[in-house]
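Chemist: Based on the provided sequences and hints, a complete structural model is requested.
The opening residue of the sequence shown carries number 1 in this note's numbering; numbering runs sequentially from there.
What the hints contain is simulated information worked out from the structure, not anything from laboratory work. On a predicted model such as this, the values are computed, not experimentally measured, just so you know. Even glycine gets a Cβ: it sits at the ideal position worked out from N, Cα and C. Do not take every clue at face value.
Think about it this way: if two alpha-carbon atoms lie no more than 27 angstroms apart in a straight line, the pair counts; the simulated DSSO-like pairs of lysine-lysine are [what the hints assert, rightly or not]: (1) LYS87 x LYS24; (2) LYS174 x LYS243; (3) LYS75 x LYS44; (4) LYS125 x LYS24; (5) LYS93 x LYS44; (6) LYS204 x LYS134; (7) LYS190 x LYS119; (8) LYS442 x LYS359; (9) LYS136 x LYS174; (10) LYS80 x LYS93; (11) LYS87 x LYS53.
Ranges between beta-carbon positions, derived for each pair [to be verified]: (12) ASN451 x GLU376: 30 to 40 angstroms; (13) SER185 x LYS125: 17 to 27 angstroms; (14) LYS204 x SER83: 34 to 44 angstroms; (15) SER28 x LYS160: 32 to 42 angstroms; (16) GLU132 x LYS282: 40 to 50 angstroms; (17) ILE99 x ASN412: 52 to 62 angstroms; (18) SER356 x GLU163: 47 to 57 angstroms; (19) TRP396 x ASN252: 41 to 51 angstroms; (20) TRP396 x GLU154: 26 to 36 angstroms; (21) LYS282 x GLU420: 26 to 36 angstroms; (22) ARG117 x PHE188: 29 to 39 angstroms; (23) VAL267 x CYS217: 47 to 57 angstroms; (24) LYS442 x ASN252: 46 to 56 angstroms; (25) LYS53 x CYS217: 32 to 42 angstroms.
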Amino acid sequence: MDDNGWKKRAKSTSMVGGEDRISKLTDSVILHILSFLPTDQVVKTCILSKRWKLIWYAVPTLFFSNDIASELEWKQSRQKFYSYVDKYLKHRKKAMYYIVDSVITSFDLDMYDFYQRSKAGILDKWLAFAIENKVKELHLRIGLERKNNRFYPEYYCLPKVVENGTYLTVLELKCLELDSSHSFSFPFLKALSLEEIQQSDKAKDDVVFKFLLGCRCLEKLRLHKYEFLRSGDKIPLQSLSLKFLELTYTTNLDGLQVEAINLESLVITCQFPRNIDFSACKKIRNLSFDGTILVFDAIKPPSLNALISYYPLLENLTLTFRPKQYEKHLRISSQQLKSFSFKNCHFEPCNITIESVPKLSYFCYEGYIDLTISIEPSNSLSGKIVICKEDYDAAWYIDMLNFLLNLNCSWNTISLHVEECEALIWPEKFTRVCRSPLLNWKHLKVITKCNNPEIISDLKDSLMWISPSLETLSINKMQIF
1 MDDNGWKKRA KSTSMVGGED RISKLTDSVI LHILSFLPTD QVVKTCILSK
51 RWKLIWYAVP TLFFSNDIAS ELEWKQSRQK FYSYVDKYLK HRKKAMYYIV
101 DSVITSFDLD MYDFYQRSKA GILDKWLAFA IENKVKELHL RIGLERKNNR
151 FYPEYYCLPK VVENGTYLTV LELKCLELDS SHSFSFPFLK ALSLEEIQQS
201 DKAKDDVVFK FLLGCRCLEK LRLHKYEFLR SGDKIPLQSL SLKFLELTYT
251 TNLDGLQVEA INLESLVITC QFPRNIDFSA CKKIRNLSFD GTILVFDAIK
301 PPSLNALISY YPLLENLTLT FRPKQYEKHL RISSQQLKSF SFKNCHFEPC
351 NITIESVPKL SYFCYEGYID LTISIEPSNS LSGKIVICKE DYDAAWYIDM
401 LNFLLNLNCS WNTISLHVEE CEALIWPEKF TRVCRSPLLN WKHLKVITKC
451 NNPEIISDLK DSLMWISPSL ETLSINKMQI F
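Modeler: See below:
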């Protein structure tokens, strides 16, 4: 879209009933709104009016993405990207001499597949500008060098100048190299994310441990596709301030000892976590395991049941995995547990017993119906059930009925998600044999792809047959994204 088209669109969206609402906003409100837009879109607002001519100089967040040149050929796009960012930062630097409010709080650079090793010095200059302006948030997604439609293992190395970013509170790094000889000392850093990070060949100490030593206020640590350096049998991950830890497809976890006594949230997403010791983390309130196969005997405490009982403060539990043979019966028991979500993506029969959970208020299940769930009665339990599609034959309706009967506890509200209405419309010969009422539900919401009025009517009749006590019943169309 050219500037004239963009100007007309901006003007039309700000006018309602002949009234220009945007012009009535204060500069502080406008700056806050613009802070959520990519920088190239922010700059275009200078053509709107005299008032907007210089306002982009005062937007505190900078966000540069290679999308700004996506319409051109790749090589031209890359060159335009470097040129655009370089010119913008030069203009912004000059403006700081005569615009008092021209401060920068966040610097976000997303140039995935645009990185050129020969231009590493330019990136160093951009980061130096950000650090000189005492940014609080730094987001870098660099990527590999691309030549002739091929990617080469040439990572951009984070320059030493970033060590001067003592005002940083958020640091997110993706696809670049870190030199462990740097101090990584950020006294105010609260959140750190390391994704697809390459450690320098001369690295002796793992950069994660360097960060933990130098960031005494760090509360949130996210590691995605991160490979720990092997430095012996034990890997102590120590922090007194850490409250949130996420390990997503992180390798070399064998022997990891998480010694974060104030840790409250733990998320592990990987296929085979091995010998991870969380025994020091007794304050965990939120626990999530997301993996194809979760090997509980490789985690200390060794089993799921022991794991839950070991954390007396546990409030939210999320499991996504295929249980091992001896974990076919999962028993959930916890005095403080408020929310339990379980996802079974495989045709693996499994039994879940939820008992002695007096504070449980929410239960969510997603998967196939070859699952037996036994829930101890509760007066204030809400639920969400997402059923994976199968063949709707006679066996399906028998299994579905048994599945729902096992869920026949005192629900406050329950939401059923099925792809087709047919999944919940029992055949007439089936309803003749079975007695009604079968369920004692009060409030039911069904989400389905179907929008045929006749089929929806049959679905309502079927649901009222299985649970005549329903007081409210709503059927909504499933959103397709």
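Chemist: Taking the hints in turn, state whether each one holds.
Modeler: Hints, one by one, checked against the model:
1. Proposed proximity of LYS87 and LYS24 is contradicted: the alpha carbons are some 31 angstroms apart, above 27 angstroms.
2. For the suggested pair LYS174 and LYS243, the alpha carbons sit about 22 angstroms apart, so the restraint of at most 27 angstroms is met.
3. Taken as a hint, the LYS75 and LYS44 pair is honoured in the structure, with Cα atoms around 24 angstroms apart against an allowance of 27 angstroms.
4. Proximity of LYS125 to LYS24 is assessed by CA-CA distance (about 38 angstroms); at most 27 angstroms being required, the pair is judged violated.
5. Between LYS93 and LYS44 the alpha-carbon distance is near 18 angstroms, which keeps this suggested pair within the 27 angstroms criterion.
6. For the hint linking LYS204 to LYS134, the alpha-carbon distance of about 30 angstroms lies beyond 27 angstroms, and the restraint is violated.
7. At roughly 31 angstroms between alpha-carbon atoms, LYS190 and LYS119 are farther apart than 27 angstroms, so this suggested pair is violated.
8. Under the criterion of a C-alpha separation no larger than 27 angstroms, the hint pairing LYS442 with LYS359 is consistent with the structure, at around 20 angstroms.
9. Only pairs whose Cα atoms come within 27 angstroms are accepted, and LYS136 paired with LYS174 is accepted, the gap being roughly 18 angstroms.
10. For the hint pairing LYS80 with LYS93, the CA-to-CA distance comes to about 20 angstroms; that is within 27 angstroms, so the pair holds.
11. About 17 angstroms separates the Cα atoms of LYS87 and LYS53, which keeps this hinted pair within 27 angstroms; it holds.
12. For ASN451 and GLU376, the Cβ-Cβ distance of about 37 angstroms falls inside the hinted range of 30 to 40 angstroms, so the restraint holds.
13. Restraint check, SER185 to LYS125: a C-beta distance of roughly 23 angstroms satisfies the suggested window 17 to 27 angstroms.
14. A hinted range of 34 to 44 angstroms holds for the C-beta pair LYS204 and SER83, which are about 39 angstroms apart.
15. Range check, SER28 to LYS160: about 36 angstroms between beta-carbon atoms, so the 32 to 42 angstroms window is met.
16. A C-beta distance of roughly 43 angstroms is found between GLU132 and LYS282, which places it inside the suggested range of 40 to 50 angstroms.
17. Under the hint 52 to 62 angstroms, the C-beta atoms of ILE99 and ASN412, about 55 angstroms apart, fit the expected range.
18. A beta carbon spacing of about 51 angstroms between SER356 and GLU163 agrees with the range 47 to 57 angstroms that was offered as a hint.
19. Distance hint for TRP396 and ASN252: a CB-CB separation of about 44 angstroms, consistent with the stated range 41 to 51 angstroms.
20. Judged by the Cβ atoms, the range 26 to 36 angstroms given for TRP396 and GLU154 is violated: they are separated by roughly 54 angstroms.
21. Between LYS282 and GLU420 the CB atoms are about 46 angstroms apart, so this pair departs from the stated range of 26 to 36 angstroms.
22. Separation of ARG117 from PHE188 is about 32 angstroms and conforms to the stated range, judged on CB atoms against 29 to 39 angstroms.
23. The hinted window of 47 to 57 angstroms between VAL267 and CYS217 is violated, with their beta carbons roughly 21 angstroms apart.
24. For the pair LYS442 and ASN252, the supplied restraint of 46 to 56 angstroms holds, since their beta-carbon distance comes to about 51 angstroms.
25. Checked against the hint of 32 to 42 angstroms, the pair LYS53 and CYS217 passes, with Cβ atoms roughly 40 angstroms apart.
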